[in-house]
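Number of protein chains: 2
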Amino acid sequence: MNRETIVEELKALQDAICAALEQEDGSAKFEEELWDREGGGGGRTRIIRHGAVIEKGGVNFSAVHGQLPEVLVKELKLESADFFATGVSIVIHPNNPHVPIIHMNIRYFEAGQGEWWFGGGIDLTPHYIIAEQAQWFHEQLKNVCDQYDESYYPKFKKWADDYFFIKHRNETRGIGGVFFDRLNDKSGRSKYEIHDYWLNLGNTFVPIYVHLMSINKSKSFTQTEKNWQLIRRGRYVEFNLVYDRGTKFGLETNGRIESILMSLPELASWQYNYIPESHSFEEQTAQLLRKNFDWIGWSK
Amino acid sequence: MNRETIVEELKALQDAICAALEQEDGSAKFEEELWDREGGGGGRTRIIRHGAVIEKGGVNFSAVHGQLPEVLVKELKLESADFFATGVSIVIHPNNPHVPIIHMNIRYFEAGQGEWWFGGGIDLTPHYIIAEQAQWFHEQLKNVCDQYDESYYPKFKKWADDYFFIKHRNETRGIGGVFFDRLNDKSGRSKYEIHDYWLNLGNTFVPIYVHLMSINKSKSFTQTEKNWQLIRRGRYVEFNLVYDRGTKFGLETNGRIESILMSLPELASWQYNYIPESHSFEEQTAQLLRKNFDWIGWSK
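Those sequence lines, one after another, are chains A and B. With numbering that gives the first Met the number 0, the residue at position 50 of the first sequence is 49, and numbering never jumps. With numbering that gives the first Met the number 0, the residue at position 91 of the second sequence is 90, and numbering never jumps.
Accuracy of the hints is not assured; some may be wrong.
[Unchecked claim] Below, a list of computed lysine-lysine pairs in the DSSO-like style, where the Cα atoms sit at most 27 Å apart: (1) A/Lys225 <-> B/Lys73; (2) A/Lys141 <-> A/Lys76; (3) A/Lys73 <-> B/Lys73; (4) B/Lys225 <-> B/Lys73; (5) A/Lys247 <-> B/Lys185; (6) A/Lys76 <-> B/Lys73; (7) B/Lys185 <-> B/Lys225.
If you are wondering where the hints come from, they were derived from the structure by calculation, not from laboratory data.
Based on the provided sequences and hints, a complete structural model is requested.
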């Protein structure tokens, strides 16, 4: 479980995810760009565009090291500015508003002498929330969590609710998922166990999203539904630029800007004071964008 | 020059600007929403949409008062949390990529016992930079400034360059303009003089933008030019959500979210690693997005 092993696992995960997404999309292929970071390390940015299912998506791997800026050392309460960070980051924006946006990030971090932790999460942003799919999505995450620790799902589900929250809109970004950070052996679990859980969560991405693509991608949609998708994407942009810590970390450490902002959609819309029609599917979705909702226990 | 007078002047300015924009647009009318702020005060939000020239624009007046959050009191280095703030804020996003985006904000602020200042600015974001128009725009601003103080234009032009800068892209938002803040009698000018300059700057908005609308609105444009406009708007969104202090102030003081974010365009685009064609008009514009460029002295 040294750095090198983890880096190889993440690269293999990136390969597997790209292959599965290309296959389910059926049309577009990932383009790859290799980049080096001036302060140390680099990455493999992979972007897929204008596919049959995916309008714009990125599956990025990076492994960077060097010295953190003082402001981050303080914020992260680290003893040293030396750091190593590696991870895989994914955001997929589909063409069809009935296919949800998905985001995953799994990361491993080392600082100074001997400090280490794992972090990560998967969360879903359906433009239209469908009860059975929301339930199914959360069940998949709970299943992975429960294999390791029954406290993980409730704890990390709440963490996602709190994290993926657009304060100025008083709404969640989507239906959440799981999110955790700084998980290490102080939690009572060994590095071996945590690593295994973390990698397994990463491996859950493909079966989850391929299923959601597959069951939704052929649905027809109207202009109103497309418009609503663009508005939801606008909120996604607001979250990522105003609150997302990964984006801020990237901007503050002079990361590769095109890789950091690959999470932004091809097209987004802001319409002044847009209010969905009463009793519409759009209104129903908007009303469900709240914290602490029990998606698994939810039955319509 | 008490609060009440300034409030009336700003309301009259809002009226005049809305009337002039409606006339030059020739099709759409402003819709008004009156709102109250929970902590004190309120505003008149006016939005124009889907016009012949303007795709989306806002001309907002507000006058709010109450207690600033502690974090802002510190940031602004104030002696007291009591505040009063009034201003007019404008952002106009046109349909035609050959018409520039414009922004103006003029504001008056009071804090605690007797502290006061004026602030404001006008800046232009052409999707395509045309030498004569950039020169003309800056000349208009310089003319107003020079009537009061010859140090204003160079000082406030530099301030705009530094302020409207997208650090993570290493580019300016547009061609800048003038920007100033906390201008009061410590500057050596009386409140009367500063107020007069400030109001005159506000009055320059109509002749400037009506001219720029009028000479550009009938130009034909291609799909490539429309696409470039959407990308430039994406950068506008990045600036406003990541750096703009007015936006942050609004979000942190629980301002009316639809009024604060009226600055965001109807439609914006992010395309991975978009690089304009060599020697294209797009490339030429991108290369001009830099600080400390002498727009007035520039001759092609």
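Hints and how they fare:
no.: 1; hint: A/Lys225 <-> B/Lys73; verdict: 44 Å, violated
no.: 2; hint: A/Lys141 <-> A/Lys76; verdict: 31 Å, violated
no.: 3; hint: A/Lys73 <-> B/Lys73; verdict: 20 Å, holds
no.: 4; hint: B/Lys225 <-> B/Lys73; verdict: 43 Å, violated
no.: 5; hint: A/Lys247 <-> B/Lys185; verdict: 37 Å, violated
no.: 6; hint: A/Lys76 <-> B/Lys73; verdict: 23 Å, holds
no.: 7; hint: B/Lys185 <-> B/Lys225; verdict: 47 Å, violated
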